[in-house]
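Below, each chain spelled out in residue letters.
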Amino acid sequence: MIESPVIESPLMINTVFKIGPVPITAPVVVTWGLMMLFALSGLLATRRLALAPNRYQAALEMIVEAIEDQIRSTMRVEPRPYVPIVGTLFLFILLANWSSLVPGVEPPTAHIETDAALGVIVFAAIIYFGIRARGIGGYLKTFAEPSVVMIPLNLVETFTRTFSLIVRLFGNVMSGVFIIGIVLSIAGLLVPIPLMALELLIGAIQAYIFTVLAMVFIGSALAERPAVGKERE
Amino acid sequence: MTMNWTQIISIFAAAMAVSFGAIGPALGEGRAVAAAMEAIARQPEAVGTISRTLFVGLAMIETMAIYCLVIALLVLFANPFIR
Numbered sequence: 009m010i011e012s013p014v015i016e017s018p019l020m021i022n023t024v025f026k027i028g029p030v031p032i033t034a035p036v037v038v039t040w041g042l043m044m045l046f047a048l049s050g051l052l053a054t055r056r057l058a059l060a061p062n063r064y065q066a067a068l069e070m071i072v073e074a075i076e077d078q079i080r081s082t083m084r085v086e087p088r089p090y091v092p093i094v095g096t097l098f099l100f101i102l103l104a105n106w107s108s109l110v111p112g113v114e115p116p117t118a119h120i121e122t123d124a125a126l127g128v129i130v131f132a133a134i135i136y137f138g139i140r141a142r143g144i145g146g147y148l149k150t151f152a153e154p155s156v157v158m159i160p161l162n163l164v165e166t167f168t169r170t171f172s173l174i175v176r177l178f179g180n181v182m183s184g185v186f187i188i189g190i191v192l193s194i195a196g197l198l199v200p201i202p203l204m205a206l207e208l209l210i211g212a213i214q215a216y217i218f219t220v221l222a223m224v225f226i227g228s229a230l231a232e233r234p235a236v237g238k239e240r241e
Numbered sequence: 011m012t013m014n015w016t017q018i019i020s021i022f023a024a025a026m027a028v029s030f031g032a033i034g035p036a037l038g039e040g041r042a043v044a045a046a047m048e049a050i051a052r053q054p055e056a057v058g059t060i061s062r063t064l065f066v067g068l069a070m071i072e073t074m075a076i077y078c079l080v081i082a083l084l085v086l087f088a089n090p091f092i093r
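Here the protein sequences come in this chain order: H and Y.
For the first sequence, counting from 1, position 4 maps to 12 in my numbering; every step adds exactly one.
For the second sequence, counting from 1, position 49 maps to 59 in my numbering; every step adds exactly one.
Where hints are given, some of them may not hold.
Stated by the list, open to error - So the derived list for chain Y, only partly shown, Cβ under 10 Å to chain H, looks like this:
| id | residue |
| --- | --- |
| 1 | Phe-22 |
| 2 | Met-26 |
| 3 | Phe-65 |
| 4 | Val-66 |
| 5 | Leu-68 |
| 6 | Ala-69 |
| 7 | Ala-75 |
| 8 | Val-80 |
| 9 | Leu-84 |
| 10 | Phe-87 |
| 11 | Ala-88 |
To be verified - Each pair of labels, with its calculated beta carbon distance range:
| id | chain 1 | residue 1 | chain 2 | residue 2 | range |
| --- | --- | --- | --- | --- | --- |
| 12 | H | Thr-23 | Y | Ile-92 | 53 to 63 Å |
| 13 | Y | Arg-41 | H | Leu-206 | 16 to 26 Å |
| 14 | H | Val-157 | Y | Ile-18 | 40 to 50 Å |
| 15 | H | Ile-144 | Y | Ile-92 | 38 to 48 Å |
| 16 | H | Gly-28 | Y | Arg-41 | 51 to 61 Å |
| 17 | H | Pro-202 | Y | Gly-40 | 16 to 26 Å |
| 18 | H | Pro-92 | Y | Asn-14 | 44 to 54 Å |
| 19 | H | Gly-145 | Y | Arg-52 | 44 to 54 Å |
| 20 | H | Ala-34 | Y | Ala-56 | 20 to 30 Å |
| 21 | H | Gly-145 | Y | Thr-16 | 48 to 58 Å |
| 22 | Y | Asn-14 | H | Gly-145 | 36 to 46 Å |
| 23 | H | Leu-161 | Y | Ala-23 | 26 to 36 Å |
Rather than coming from a laboratory, the hints here were simulated on the basis of the structure.
Fair warning: this is a prediction, and the values are worked out from it, not measured in the lab.
Virtual Cβ for every residue (Gly too), placed ideally from N, Cα, C.
Go ahead and model the full structure; you've got the sequences and the hints to work with.
Structure (structure tokens):
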């Protein structure tokens, strides 16, 4: 290891506390906080659902409809079964990337473990929706799609695209945190603010890209169907 | 001097990875932005779709440079050949 007095490794994780023998790290605590935030806001906003929505319900419906629109235009299927996983992925990654706005909080997506977990979720979702749409035999047949020669390539691609999904999110968020840390250690006050603003933009774009790619992967595992809804501008 | 050859080469390799790895994405991003500018100049009413797609595309291209940065940081901070 190359020791540096100023910069600590961005790949290290600090243990906050221990529950018995299990160490609980900072990203896990932030993730729990986000989960609590989601659960509480969901509970509060859906407590009194009505046909004439109040303010929170209207905002929530707007978010859900925007996600449904995106799914419809990207996957060309009826969006209902995919809204939970796609919406949760997007909102979680967005809030996780933006959680660096809270002082002292590091985004959990800046550590590869969180991103790997998200990637594994997407990987499982691809297989689940593929098998549900085509059956096991039909799903396995897609690996030999253009011809039988392509089987090894398709198998490798299944893993590499998930891996690149993981590394893309990890690299972008981690590099942002790292660069802001370096700039902060060189010039303290006010100088990192434009970089932090850029980091907010990158966080939003990366959340969008992760979700869109997950949608594309899931959509490619589904059977061909007649397009529902028109293409959106 | 506590530095050994592995560390010296590691630092050099990290700098090489980032510097050469940035060339390709830089050229690619330049081409993408130029094409988008041309498209907007021809069809100003499609600016919303073009810029949204451009942002996504730029982020995808930029990922190539980010891969190099990840490799550089791995070499610097998590080098498997040191200790």
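Going through the hints against the structure:
no. : hint                               : in the structure
1   : Phe-22                             : 12 Å, violated
2   : Met-26                             : 16 Å, violated
3   : Phe-65                             : 6 Å, holds
4   : Val-66                             : 6 Å, holds
5   : Leu-68                             : 8 Å, holds
6   : Ala-69                             : 5 Å, holds
7   : Ala-75                             : 9 Å, holds
8   : Val-80                             : 5 Å, holds
9   : Leu-84                             : 7 Å, holds
10  : Phe-87                             : 4 Å, holds
11  : Ala-88                             : 5 Å, holds
12  : Thr-23(H) x Ile-92(Y): 53 to 63 Å  : 23 Å, violated
13  : Arg-41(Y) x Leu-206(H): 16 to 26 Å : 22 Å, holds
14  : Val-157(H) x Ile-18(Y): 40 to 50 Å : 46 Å, holds
15  : Ile-144(H) x Ile-92(Y): 38 to 48 Å : 47 Å, holds
16  : Gly-28(H) x Arg-41(Y): 51 to 61 Å  : 55 Å, holds
17  : Pro-202(H) x Gly-40(Y): 16 to 26 Å : 22 Å, holds
18  : Pro-92(H) x Asn-14(Y): 44 to 54 Å  : 53 Å, holds
19  : Gly-145(H) x Arg-52(Y): 44 to 54 Å : 49 Å, holds
20  : Ala-34(H) x Ala-56(Y): 20 to 30 Å  : 44 Å, violated
21  : Gly-145(H) x Thr-16(Y): 48 to 58 Å : 52 Å, holds
22  : Asn-14(Y) x Gly-145(H): 36 to 46 Å : 57 Å, violated
23  : Leu-161(H) x Ala-23(Y): 26 to 36 Å : 30 Å, holds
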